[in-house]
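These protein sequence lines map, in sequence, to chains A and B.
The first sequence: position 69 = 69 (this note's numbering), numbered continuously.
The second sequence: position 42 = 42 (this note's numbering), numbered continuously.
Keep in mind that the hints were calculated from the coordinates and are not lab data.
Warning: the hint list may mix true and false statements.
What the hints assert, rightly or not - The calculated SDA-like cross-link candidates involving lysine to any residue, where the alpha carbons are at most 20 Å apart (straight line), are:
(1) A:Lys101 - B:Ile389
(2) A:Lys77 - B:Lys490
(3) B:Lys493 - A:Met46
(4) B:Lys381 - B:Ile49
(5) A:Lys77 - A:Ser44
(6) A:Lys101 - B:Ile404
(7) A:Lys101 - B:Gln411
(8) A:Lys82 - B:Ile389
(9) B:Lys470 - B:Leu482
(10) B:Lys490 - A:Met46
(11) B:Lys431 - A:Met46
(12) A:Lys77 - B:Ile397
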Amino acid sequence: MPTLIASFILILSIILTIQSLKFKEFKKNKTKGSHKLPSPDLLSVMAIMVAYSWLLHFTGFILTSAVGMFVLFSVFKINNYKRISIITGVTLGILYVSFEKFLYSPLPVGTLVEKILG
Amino acid sequence: MWDVLLEAATISLTVNNLFGASLGIFLGSLLGAVPGLNGTMAIALLIPITYTWTPLFAISMLVGCWKGSVYGGSISAILLNAPGTPEAAPTAIDGYALTKQGKAGKALKIALLASVTGAIFSDSLLMLVAPPIASMALLFGPAELAMLIIFALVIVSDTGSGSQVKGLMSTALGVLIATVGLDPITTQRRFTFGSLELDAGIGLLAMLIGLLVMSEVLLQMEEGWKDVKGRGLKQSKNPVDQRVSWQEYKGCIGTIFKSSCLGSFCGALPGVGSVTAAFIGYDQAKKFSKTPEEFGKGSLKGIAAPEAANNAVCGTSLIPLITLGIPGALSAAVIMGAFMIHGLAPGPMLMQEHPATIYGLFMILIVSDFFMLVIPLPIMKIGQWVISIPRSYLFPIILILCSIGAYGTHQSLFEVKVMVLFGILGYFLKKWGLSPASLLIAFILGPMIEVYIRQALKISGGDPMVFITKPIAGFFFLLTILMISWSIYKNVKNRNLSKE
Numbered sequence: 001m002p003t004l005i006a007s008f009i010l011i012l013s014i015i016l017t018i019q020s021l022k023f024k025e026f027k028k029n030k031t032k033g034s035h036k037l038p039s040p041d042l043l044s045v046m047a048i049m050v051a052y053s054w055l056l057h058f059t060g061f062i063l064t065s066a067v068g069m070f071v072l073f074s075v076f077k078i079n080n081y082k083r084i085s086i087i088t089g090v091t092l093g094i095l096y097v098s099f100e101k102f103l104y105s106p107l108p109v110g111t112l113v114e115k116i117l118g
Numbered sequence: 001m002w003d004v005l006l007e008a009a010t011i012s013l014t015v016n017n018l019f020g021a022s023l024g025i026f027l028g029s030l031l032g033a034v035p036g037l038n039g040t041m042a043i044a045l046l047i048p049i050t051y052t053w054t055p056l057f058a059i060s061m062l063v064g065c066w067k068g069s070v071y072g073g074s075i076s077a078i079l080l081n082a083p084g085t086p087e088a089a090p091t092a093i094d095g096y097a098l099t100k101q102g103k104a105g106k107a108l109k110i111a112l113l114a115s116v117t118g119a120i121f122s123d124s125l126l127m128l129v130a131p132p133i134a135s136m137a138l139l140f141g142p143a144e145l146a147m148l149i150i151f152a153l154v155i156v157s158d159t160g161s162g163s164q165v166k167g168l169m170s171t172a173l174g175v176l177i178a179t180v181g182l183d184p185i186t187t188q189r190r191f192t193f194g195s196l197e198l199d200a201g202i203g204l205l206a207m208l209i210g211l212l213v214m215s216e217v218l219l220q221m222e223e224g225w226k227d228v229k230g231r232g233l234k235q236s237k238n239p240v241d242q243r244v245s246w247q248e249y250k251g252c253i254g255t256i257f258k259s260s261c262l263g264s265f266c267g268a269l270p271g272v273g274s275v276t277a278a279f280i281g282y283d284q285a286k287k288f289s290k291t292p293e294e295f296g297k298g299s300l301k302g303i304a305a306p307e308a309a310n311n312a313v314c315g316t317s318l319i320p321l322i323t324l325g326i327p328g329a330l331s332a333a334v335i336m337g338a339f340m341i342h343g344l345a346p347g348p349m350l351m352q353e354h355p356a357t358i359y360g361l362f363m364i365l366i367v368s369d370f371f372m373l374v375i376p377l378p379i380m381k382i383g384q385w386v387i388s389i390p391r392s393y394l395f396p397i398i399l400i401l402c403s404i405g406a407y408g409t410h411q412s413l414f415e416v417k418v419m420v421l422f423g424i425l426g427y428f429l430k431k432w433g434l435s436p437a438s439l440l441i442a443f444i445l446g447p448m449i450e451v452y453i454r455q456a457l458k459i460s461g462g463d464p465m466v467f468i469t470k471p472i473a474g475f476f477f478l479l480t481i482l483m484i485s486w487s488i489y490k491n492v493k494n495r496n497l498s499k500e
């Protein structure tokens, strides 16, 4: 099955390549899609999310998310730290209470935090 | 018969049961509106608290929750372009376009009216023609289901991307990603790279949140960085832009009726589900519209069609469940568990052993459909307030909600990584003109198509002609060929026109 699908994708890729070389509307990029490079801000958000997903295992949900939200707010050029603290606190508080008290599904504490707390 | 109906009305249409259904609709709309939480999750979360309740109260609340979540998914799809549930993905296309024009109220209300109409149609059908439709669904074996799904895939490949080739490529990519994990028949590992977490395949919810929500945040950042920093989307103060007139609703009635029929049919077929119904509904509405160019730019029919179709699935997917014991959709499978917990074994004997309870349930469903016109209104208001918040405040919160949504499904941090990966992939797919919606639907249908094809081949002794020679399978094969030919013809015609 996977071989069959991969062959189908290969055929479609060849058709798309021929189309882009042959037809004017593809040359002029009239179909949907763009090849513009992502902006530095956008790349930062991507990098933060990759780091966040990786760090969750070590530093747990609450700590990583709190730091992650602060960093994300700074990428979005919000410097009102009092407001950021309130938003972060309320969001994470609601999530913590919902998961721990109502859904009985504990949020990950993180291996590093567990080690420190013993 | 009349005695049964009278008894059913007496035991079912009580304040308690109707309150149960209303509570379900409210909770479902609320949970469905949160990207990453879907109807199945909401029902699964509610089942444990219904153990001690009466069967009718419990099941009406759960079915109400399902209906509410299907509509609720459209709230975030329309307001944030982030479908709360997968079946709301096609609603986002025209719904969000209207929101950008400042007409979010109009989009939400036509979605609600179409949802309610679709649900009433489907529930009435469930009550009236349950046994004949169930026997028709029995005619669908693996070969027929395989061809039906292939037909559905060809249709969805036309959605979202500018070119047919890119659409087919997105679809094929979705089927390919669905093959990750253990082979469903031989249990051989495929593309797992030694990772135990990948044995069960890629998590649907994590992938869905990444592809639809995170990628959208990234794309919106790029498309409107100034808008992100500034105020949220401004809404028109003109009341005409925030409500649906009778004329506008009348203009959509034909589309709603057609989509309701399509959705009801998809619901009655096991495994097809509301996601396929919503996409087919949208695509058919566009194909048969006199003004297809309006689709994607805020067409009311573009919102009404998928909403009527996905809500029409709920009622009829109970037909195979109640009459044959086969759930028509994932949420119906969870509801099947609730039936069993409450001592009602779904199957051919259910209607004979508990006729009053089952007809009572049908009655509650129809009455609660009318409640749906009112119950989600406060959630709509909250949603409209949310979009007025600057997106620079919303985006970090949405990104954290995406992570918790992905984690919450299986309490696995690996799912968060999957979500982030697909979020970034989704961003590039959208940038390159490939359709994440087609990829996603193909990913959902991929495992089914593989199993049905292999089962059909096993039954026929490896003869591929089984997909053509069987009448129903042959019919869908013919429809698939016609659909592909029509798309090629349309593309060639458009190319010739642009040359001129």
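We went through each hint and held it up to the structure:
1. Restraint check: the Cα-Cα separation between A:Lys101 and B:Ile389 comes to about 29 Å, which exceeds 20 Å; the hinted pair is violated.
2. In summary, the hint linking A:Lys77 to B:Lys490 is not supported, as the alpha carbons are separated by about 47 Å, beyond the 20 Å threshold.
3. A C-alpha spacing of about 41 Å is found between B:Lys493 and A:Met46, which places the hinted pair above 20 Å, so the restraint is violated.
4. Restraint check for B:Lys381 and B:Ile49: the C-alpha separation of about 29 Å exceeds 20 Å, so the hint is violated.
5. The hinted pair formed by A:Lys77 and A:Ser44 meets the criterion: a straight-line CA distance of about 13 Å does not exceed 20 Å.
6. As the CA atoms of A:Lys101 and B:Ile404 are separated by approximately 15 Å, the hinted pair is consistent with the 20 Å bound.
7. Taking the CA atoms of A:Lys101 and B:Gln411, the gap is about 15 Å. The hint holds against a cut of 20 Å.
8. In summary, the hint linking A:Lys82 to B:Ile389 is supported, as the alpha carbons are separated by about 17 Å, within the 20 Å threshold.
9. A distance of roughly 18 Å separates the Cα atoms of B:Lys470 and B:Leu482; the hinted pair therefore holds under the 20 Å criterion.
10. With a CA separation close to 39 Å, the supplied pair B:Lys490 and A:Met46 exceeds the 20 Å bound.
11. For a cut-off of 20 Å, the pair hint linking B:Lys431 to A:Met46 stands: about 15 Å separates their Cα positions.
12. Between the alpha carbons of A:Lys77 and B:Ile397 the distance comes to roughly 15 Å, so the proposed pair stays at or under 20 Å and holds.
Going through the hint list in order, the structure does not satisfy hints 1, 2, 3, 4 and 10.
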